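For the protein sequence lines, the chains are A and B, in the order given. In this text, residue positions in the first sequence follow our numbering: the first is 5, and each later residue adds one. In this text, residue positions in the second sequence follow our numbering: the first is 1361, and each later residue adds one.
Hints in this document: simulated from the structure, not taken from any laboratory. Treat the numbers as computed from the prediction; the structure is a model and nothing was measured. Beta carbons are placed, not taken as given, at the ideal position from N, Cα and C, and that holds for glycine. You may find that some hints are simply not true.
[What the hints assert, rightly or not] Derived pair list, reagent style DSS-like, types lysine-lysine, alpha-carbon separation capped at 25 Å:
{"id": "1", "chain 1": "B", "residue 1": "1492", "chain 2": "B", "residue 2": "1433"}
{"id": "2", "chain 1": "B", "residue 1": "1476", "chain 2": "B", "residue 2": "1492"}
{"id": "3", "chain 1": "A", "residue 1": "503", "chain 2": "A", "residue 2": "121"}
{"id": "4", "chain 1": "B", "residue 1": "1584", "chain 2": "A", "residue 2": "410"}
{"id": "5", "chain 1": "B", "residue 1": "1564", "chain 2": "A", "residue 2": "410"}
{"id": "6", "chain 1": "B", "residue 1": "1616", "chain 2": "A", "residue 2": "468"}
{"id": "7", "chain 1": "A", "residue 1": "443", "chain 2": "B", "residue 2": "1584"}
{"id": "8", "chain 1": "A", "residue 1": "443", "chain 2": "A", "residue 2": "397"}
{"id": "9", "chain 1": "A", "residue 1": "150", "chain 2": "A", "residue 2": "233"}
{"id": "10", "chain 1": "B", "residue 1": "1476", "chain 2": "B", "residue 2": "1433"}
[Claimed, not checked] In silico negatives: residues of chain A with every beta carbon more than 10 Å from chain B:
{"id": "11", "residue": "100"}
{"id": "12", "residue": "153"}
{"id": "13", "residue": "507"}
[As the list claims (entries may be wrong)] Covered, in the sense of this in silico footprint (three residues per stretch, anywhere, with C-beta under 8 Å from a C-beta of chain A), are these stretches of chain B:
{"id": "14", "region": "1567-1580"}
{"id": "15", "region": "1583-1591"}
{"id": "16", "region": "1691-1705"}
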Amino acid sequence: MVEVNMLRIRQGVFLKEPNECEKEGLCSEALSISRNCRHYAMCKVDFLETGVCASGSEKHYASFYPVGRMDLYAALSDGMVPVTEKCLEITDSCNLCGKCDYQCYFVSEMRPSKVMKALKRYVNDFVKSGGKIVHCRDDEILTGFKAIVGDFWATNDPAVRIAYHHDLCPHVTFHMPEYVILPGTKEEISSVIRLLNRYDIPYAVRGNGASSHGLVFSEGAVIDLNRMKTIEFHEKNWFVKAGPGVASYDLQYAARQKGYRVHTAEPAALVCANLMTSGILSTFSTTYGISADNYIDAEFVGRDGSFFRLNDIRSPNLFSFDPALSEHPPFAVCVSVSIKLHPVTHDEEGVLVPFASLGGALAFAEECAVRHIGLAIGILGSDFVSTFMAPSKKLAAAVKRVFEEKLDMPFVVLVIGDRYAMRAIREMGHPVIDQSLFKTLYMGLPSLESAEWLDLLEGLSDDKCYSYLLLSGFGELASIALAPSPAQLARTIDPELRKVFTDIYSRPEMSDLAWLNTFRIQSSRYCRENPCVALVCYLPVDVSLITEILRGLCSIADRHGIRNGFGFITPFDNGKRCVWEYDYYFDNNDPDGLERIRQAAEEAGCLLDEYSRKTGTVRQVRYVTNQGCCRKENLLYAWEGEELNGQ
Amino acid sequence: MANNSDRSIVLTGATGFLGAFLMAGLLERGYRVTVLGRSSNGRSLVERVSSLTRWFGIHADNRLSCVEADFSKKHLGLDDHIYGSLCAHTGKLIHCASDTSFLERNRARVMEMNVKSISALLEFAEDAAVEKFYYISSAYASGIRDGICLESPVTGGSFTNVYEESKAMAENSVISACERTGIPLCILRPSIVFGHSGTGMALKFNALYYAVKSLLVIRDIFIKDILEQGGVRAGQWGFRLESDGMLRMPLGIRLKTMGIVNLVPVDYFVEAAMRIIEEPGSFGIYHITSDNPPEITALMEYAERFLHIRGIRLVLGSLARNSELNPAEELFNKFMEQYRPYLADTRSFDRSRIDRITGGLAVPPFHYEVFRRCMNYAVQNNWGRINGFPC
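Chain A extracted, bound-state conformation (with noise of 0.2 Å):
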């Protein structure tokens, strides 16, 4: 047995060519799909109700989910980890059942599968032919660890630990953690920082789900939260208690079941995470906020151990927003939030509103805002709509044009209200994508583009734009010409997938715009053709500040020869702010590309902070990184002693 302590780890490895990986033993395509893997986590949660990994549910740690595979096979490649006991165990707690096929490919379109047989292959050639399988000594620190959480909750096993080493985040140095711990309860948290502090060693916490900025990875040690996965249901005062480990889409599962909706980020984001990050945003972020106002209170173990709450006198004021330009340590680690719980009305639905501009969009957006027209807004560009209906990337494409070019909608408003609100809209006069419309365009989606009757939609001549949109029989032709169908969205899938697909998208569910924004689950896809760096702000709805900055990024992107596109804008605070995600697409897996997505996000970055100088209403979301519980009030509109120019 061979005794293996800290691995060199190299960054910035690339493909291997096909002929390379054959002689290896290694699968190339395998390969590829586990170097593009987005680790968004949503092979973690079961958002399609098809299941999720069974050894992942059992054994918790990042490695025993289809995302840690990925990197582990990855890493066997470069000869970044050898193959290891628990490397075995990985790969044979993987039963090749291919619900994770589902999941990724819903969101990436990749089968992940492929790498599990791989992985299965590879180590079962490497037994076979009498390769050493290492075993990793417990040192005293690692038996300390152990004492505290379980023999199996502690390790410091490569095939575990590579699990824990890396994302898709451009800006980052990597480190491998030493140890990885997964604790069951607050007070093994609290014993094992100070176990940590004792022997000075650094540590990151996580609580296992999507990971994209960078911010979970430590040369010491990652705590990982996800076994504390509590819900528990407060409803005479109108919150739910979650445990570090919760998603968020299990979070609003279970408020569902219940009756009410949560405020959550994306389906695989942890809603602790976020309260340690950035807060939750969200396109309800309209009607239910930011940051502070999503909490009731939440319970922390500081960097000593020590326990507080966020409703105690005594704790640090977390409500304030510190401008500091450095980066925010973590103060503490978030070990349960009560979240607020909201009413749901029957009558929920959404609209898509059409604008030719988003000038146009943004006035509908603010007036909306302003008059508390619906629950949830938000401004999305082509790229965006076409991204989440589609399901492959090929599709989003053609639809892309389709929204430019035909349908002449380079932005929609995306309104989700109750019967009222939709009557204003109606009233406030301007045609709409209601729900009906929606589902054919969505189910119709494989036939829009070769749709030539849209072609004659630029020949109407009605002054008021989009008015084909209040015919009764638009809709009703679209559906006899596009031939709405789950069998019909599926089409464009992986032939294999098509039939799970088909009864997926059969759910009435998933057409539903209410509930695909409140679930969240084709966001992610925003990331399939490319990882990208989201480029957010809080700022005024300001259609000339907003023109302004939107070229200024544009350029800068141009300039670099990045892909960028607008993401999506949501007005909250009565219309008093929104939050704007632009987007920089990069590849990671060429090296001049991450060189450039570095120079150009950074230059983004410091026109964004100009911005803010100059107009002292321009704020970044990566200064709110670990204030996220912090008074909207604190972070938007309290910029006395900040140094602006022009005041």
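Could you slot chain B onto chain A? The hints should help.
Then chain B, alone, in the frame of chain A:
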């Protein structure tokens, strides 16, 4: 035939439907042509014009030149040297460039192009001391009126759309400017121009083409539904395939009155324009219109025959409420909205002057064979969307 003068005919709008055919006609007759225009969609004027000459199969040699110009600017946006040279070598000026949008929402754009830009061209005509100014207007610049429209200047009135209005305003500007400067003026007023009566060739597929394309697209939607989906939805609205293979397509075209559609083929337009250009004594206004225009019912019959459909009918009088329409006719009537006034048009056009100047040049009759030829050309070229189609 063209004379041997070094001075060329300057033509605007050569990348449009009428302008392109005029350019081809002039080149075929041996004229030297200078095209004034602009680049568009990343293609230079030279590229745009070259694609047209290729399409026409014309070898222009050195008789065709292009000058990128901006009609909204003094001296057409050209530097003094080029402008001076252009003035020195211009014989006749044909202003054919036009924004043909009927849409009120495009008013500013249409007025800018069709009315405001005239002044720069008139200034150019004066600077160049052109032999004659030819302005391509529209028969419908006469505005809405009962009975016959004379080949005479517009006198007030109301208009169907901003295009007609702009053309009337432009005519008046041109007339008063030419009176002031003494530049001889001819105004050519074509009605609705469609493809070449002999070959079917056309460059733009709006107006009559748009109506036929709308019917074709609707037809194909229902045929697909019948063949691929069992036709339950189609049947619900009365659409069905009949035993002879024709599609029963119940579709009412809503018009206030029975109309006469004044159509002329582009070859007639070009031939008439050439005779006017080549006749030294030409001046004033000429209607390039049909003396025997078809009724709307004839067009409907041709469309049914061409598309293998039946069931198209006229619904005259007050417009039916949308709830009474099937989805196809609701959409079709919506598509037809901007052309509806021309389908219900009862105006006729005086042709005394055109007949005199062209020596009684006959308008090719508009019968089914011409209709079929033109529509076939449109379909074969996917309504101008096939690769390589000049635009």
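Against the structure, test the hints numbered earlier, and report the numbers of the ones violated in rising order.
Violated hints: none at all, because every hint is consistent with the structure.
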